[in-house]
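Here the first sequence is numbered in this note's numbering, starting from 13 and rising by one per residue.
The set of hints was computed from the structure by calculation and includes no laboratory data.
Misleading hints may appear alongside valid ones.
Stated by the list, open to error - List of simulated lysine to any residue pairs, SDA-like, C-alpha gap at most 25 Å:
#: 1; residue 1: K277; residue 2: N320
#: 2; residue 1: K146; residue 2: I126
#: 3; residue 1: K139; residue 2: E181
Said to hold, decoys possible - Listed next, with one range per pair, are the computed distances between beta-carbon atoms:
#: 4; residue 1: N309; residue 2: N155; range: 33 to 43 Å
#: 5; residue 1: M296; residue 2: N167; range: 14 to 24 Å
#: 6; residue 1: M296; residue 2: K184; range: 24 to 34 Å
#: 7; residue 1: L271; residue 2: K201; range: 44 to 54 Å
#: 8; residue 1: N167; residue 2: K297; range: 34 to 44 Å
#: 9; residue 1: E266; residue 2: K148; range: 24 to 34 Å
#: 10; residue 1: T307; residue 2: L194; range: 40 to 50 Å
#: 11; residue 1: K146; residue 2: K39; range: 17 to 27 Å
Every residue gets a Cβ at the ideal spot worked out from N, C-alpha and C, and that includes glycine.
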Amino acid sequence: MEERKKIVVICGPTASGKTKLSLLLAKKFNGEIISADSMQVYKGLDIGTAKVSLEEQQEAKHHLVDFLPPSQKYNVEIFTRLAAEKIMEISSEEKLPIIAGGTGLYIESLVNGITFTDQNDTSEIRKELAEALKEKGGEYMYNLLESIDGDYAKNVHPNNTVRVLRALELYKATGKTMTQQLENSHPIKKPYDELLIGISYISRENLYDNINKRVDSMLSQGLLKEARYVYDNRNEFKNSAAAIGYKEFFPFFEQLQSLEACTEKLKQSSRNYAKRQLTWFNRMKNINWVYVDGTENYIEKALQLTENFVGGNN
RNA sequence: GGGAGUGUUCCCGAGCGGCCAAUGGGGGCAGACUGUAAAUCUGUUGUCUACGACUUCGAUGGUUCGAAUCCAUCCGCUCCCA
Numbered sequence: 013m014e015e016r017k018k019i020v021v022i023c024g025p026t027a028s029g030k031t032k033l034s035l036l037l038a039k040k041f042n043g044e045i046i047s048a049d050s051m052q053v054y055k056g057l058d059i060g061t062a063k064v065s066l067e068e069q070q071e072a073k074h075h076l077v078d079f080l081p082p083s084q085k086y087n088v089e090i091f092t093r094l095a096a097e098k099i100m101e102i103s104s105e106e107k108l109p110i111i112a113g114g115t116g117l118y119i120e121s122l123v124n125g126i127t128f129t130d131q132n133d134t135s136e137i138r139k140e141l142a143e144a145l146k147e148k149g150g151e152y153m154y155n156l157l158e159s160i161d162g163d164y165a166k167n168v169h170p171n172n173t174v175r176v177l178r179a180l181e182l183y184k185a186t187g188k189t190m191t192q193q194l195e196n197s198h199p200i201k202k203p204y205d206e207l208l209i210g211i212s213y214i215s216r217e218n219l220y221d222n223i224n225k226r227v228d229s230m231l232s233q234g235l236l237k238e239a240r241y242v243y244d245n246r247n248e249f250k251n252s253a254a255a256i257g258y259k260e261f262f263p264f265f266e267q268l269q270s271l272e273a274c275t276e277k278l279k280q281s282s283r284n285y286a287k288r289q290l291t292w293f294n295r296m297k298n299i300n301w302v303y304v305d306g307t308e309n310y311i312e313k314a315l316q317l318t319e320n321f322v323g324g325n326n
């Protein structure tokens, strides 16, 4: 009987210090890092996504970072599949897989071993549904969902057309309702023996402060040039053009708003995003929270947690 | 110095005698989330010993049964003429 692989997961809001901590743990515990981030996968999008630098990548091996052209799709299904492979590889080399990232959906799906229903390319269906929405309105689409999957409809707000359409898309593409997907996606036994470490802040204000400062520093590193690149290719870069850090500058490129106004907007979006991430991670149980308080205590605590975890049985 | 305008709850901004603790947006806070997730969406937001009470709409004083809404004076800001 195969024993479950040990993995360490570092999660937390943007600008909380996940990269720094993951590098440290990787060095101390002979680990390799798997990024659980939906945007850092794209080549050429370095500054805005706060991707690990090449120097930092010298300190520890990184996976699922900087390997896709920005025009390519990336999603939970791809992530969980690739990440699971990487975990196997790393473990087989007697190394510790460290998952680090801020995309809650990706992390939770990976850790719980969620399986996604096979589906072919759904872009046509998605297009049709989008058109139907435009023509018949949100209420109509919501009623449609109610008729095929009332249970799921109850849990989705009618205004949330993205979720309504996806549920319809799943049904059209696979014949399965979202309710069925939700029921059948969990494995009998959880796939990993995991240690979840969440980075949070004693003071929300300090986190927001960090975010603001990081935006300024990104700008001085050349964020604008990168944003321009994304702007010029926005029709190709479907996913990445929606990333925080780029789309906020579009009004500037279109001469509709000042650079200052766009910069403020970016800081704002980043703060809002951080809050959403915290909401997600707060809901996940079993996260061991370490709190940044201006000292190095949180690092100590994270090291200790990991020490106990890897040192434990086996 | 003369003329026109303006001052609203954390911010912007409606309201122009009672239906106003005061539309809306932003922010804050809280929440949802199974193939777009750095996306998408929801709730809440004066105070309290809360189905009621209390204090708010630059300040003070009036008119009125009743004012954020009308009048007077004052203070601040904006614009125009000097």
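Hints, one by one, checked against the model:
1. Restraint check for K277 and N320: not satisfied, since their Cα atoms lie roughly 42 Å apart, outside the 25 Å limit.
2. At roughly 32 Å between alpha-carbon atoms, K146 and I126 are farther apart than 25 Å, so this suggested pair is violated.
3. Taking the CA atoms of K139 and E181, the gap is about 10 Å. The hint holds against a cut of 25 Å.
4. Remark: the range hint 33 to 43 Å for N309 to N155 is contradicted by a beta-carbon distance near 54 Å.
5. Separation of M296 from N167 is about 18 Å and conforms to the stated range, judged on CB atoms against 14 to 24 Å.
6. Between M296 and K184 the beta carbons are some 31 Å apart, a value that agrees with the proposed interval 24 to 34 Å.
7. Under the hint 44 to 54 Å, the C-beta atoms of L271 and K201, about 53 Å apart, fit the expected range.
8. Between N167 and K297 the beta carbons are some 20 Å apart, a value that contradicts the proposed interval 34 to 44 Å.
9. For E266 and K148, the hinted distance range of 24 to 34 Å is satisfied, since their beta carbons lie about 32 Å from each other.
10. T307 and L194 have their C-beta atoms about 42 Å apart, which keeps the hinted 40 to 50 Å range intact.
11. The hinted range of 17 to 27 Å is not satisfied by K146 and K39, whose Cβ atoms lie roughly 52 Å apart.
The structure fails to meet hints 1, 2, 4, 8, 11 from the earlier list, while all remaining hints are met.
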